[in-house]
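Asks: Sequence:
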Amino acid sequence: MMSIIEKAEALEQIISDVDNIAVALSGGIDSLVLSSICFAVSQKSAVNCTMFHAVSAAVPEQATARVLECAEQFKWNVRLVDANEFADPNYRENPVDRCFYCKSALYGTIRSATDAVIVSGTNKDDLLEFRPGLKAAKTYGVRHPFVEADVTKQMIRELAPLYGISQYSDLPAAPCLASRVETGISIEPDELKSINAIELFISEKYSCRTVRCRLRNGKVVIEIDEKSLPEVSSNIRQNESIEHEIRSLLANRFKSHPLDVTAYRTGSAFLQAAK
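The sequence shown begins at 1 in our numbering and counts up by one.
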């Protein structure tokens, strides 16, 4: 088995073989580490590296803040773009393959700005999940260095300190906010912003590692990591002011829906609709 140092060397070799790279930088741990590696290679070779970050209602504001922080700290060449995914009715209708339309908008926007090879932070573990966005990636010739180097999510976390971003090693997974909306319920920008506001409110108040505000047909579900669940659940159920605060942040379409608190389960908004 290759050591993490050997994995880093393998990744740098893959990247150094490309003259011009455009990194799809979401602000999550995967794309942050990939950006760090690409930048490191560009500093000691002729590789040109630009990071593209989409600013959207579907992207948590804290992800954009991380991107800007790294850009300033490490002098990354970051371009903020509007992928304009909400202009596509297919995306807003929120079908099972919504991610295909989202990634098509993102990669199409990047392609219109550069002829560089687009790379994503997709890793080996992602291939085990339903990822319609990979079909869009194939359409635009996107490469996945972590997949090419057989790198897993855990390895990515171990790579972070090697490239000066150890502060993000334990960054929780943070899929786009549209993933909180049950398949078949339309995607609305203001509702995604309310989802993020609720998640921030709960995570800051209770120091939760994972919070998901799911919008489902007929109810709103707050999912919490198992360690924090007992405290958060009892507080929301017994403290009317906490529930009132959460409801005040909800978008109008969901203000009167029943509120449920349960354990976090990855992809549950999709799974619920797919049963």
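Don't take each hint at face value.
[What the hints assert, rightly or not] The calculated SDA-like cross-link candidates involving lysine to any residue, where the alpha carbons are at most 25 Å apart (straight line), are:
1. K227 to R253
2. K219 to K124
3. K193 to N90
4. K75 to I165
5. K124 to T50
[What the hints assert, rightly or not] Cβ-Cβ distance ranges computed for the label pairs, FRET-style:
6. Q238 to M1: 27 to 35 Å
7. D260 to K75: 39 to 47 Å
8. D97 to D125: 28 to 36 Å
9. N235 to A113: 43 to 51 Å
10. G184 to E69: 30 to 38 Å
11. D170 to Q43: 37 to 45 Å
12. I4 to R79: 47 to 55 Å
13. N48 to Q238: 53 to 61 Å
14. E240 to K75: 46 to 54 Å
No wet-lab data here; the hints were simulated from the structure.
Even glycine gets a Cβ: it sits at the ideal position worked out from N, Cα and C.
Asks: State for each hint whether it applies.
Replies: Evaluated hints:
This hinted pair does not check out: K227 and R253 have alpha carbons roughly 31 Å apart, beyond 25 Å. Between K219 and K124 the CA atoms are separated by roughly 34 Å; this puts the pair beyond 25 Å, and the hint is violated. Our distance criterion of 25 Å between C-alpha atoms is met by K193 and N90, whose separation comes to about 20 Å. Restraint check for K75 and I165: satisfied, since their Cα atoms lie roughly 14 Å apart, inside the 25 Å limit.
For the given pair, K124 sits about 24 Å from T50 by alpha-carbon distance, which is consistent with the 25 Å threshold. At roughly 50 Å, the beta-carbon separation of Q238 and M1 lies outside the given 27 to 35 Å, and the hint is violated. One distance hint, 39 to 47 Å for the beta-carbon pair D260 and K75, holds here, with the actual separation near 46 Å. A C-beta distance of roughly 20 Å is found between D97 and D125, which places it outside the suggested range of 28 to 36 Å.
Between N235 and A113 the Cβ separation comes to about 46 Å, which falls inside the hinted range of 43 to 51 Å. Distance hint check: the CB atoms of G184 and E69 are about 36 Å apart, consistent with the given range 30 to 38 Å. Separated by about 26 Å at the C-beta atoms, D170 and Q43 break the suggested range of 37 to 45 Å. Here the CB-CB span from I4 to R79 is close to 30 Å, at odds with the stated 47 to 55 Å.
In this structure the hint that N48 and Q238 lie 53 to 61 Å apart at CB holds, the actual value being about 57 Å. A hinted range of 46 to 54 Å holds for the C-beta pair E240 and K75, which are about 49 Å apart.
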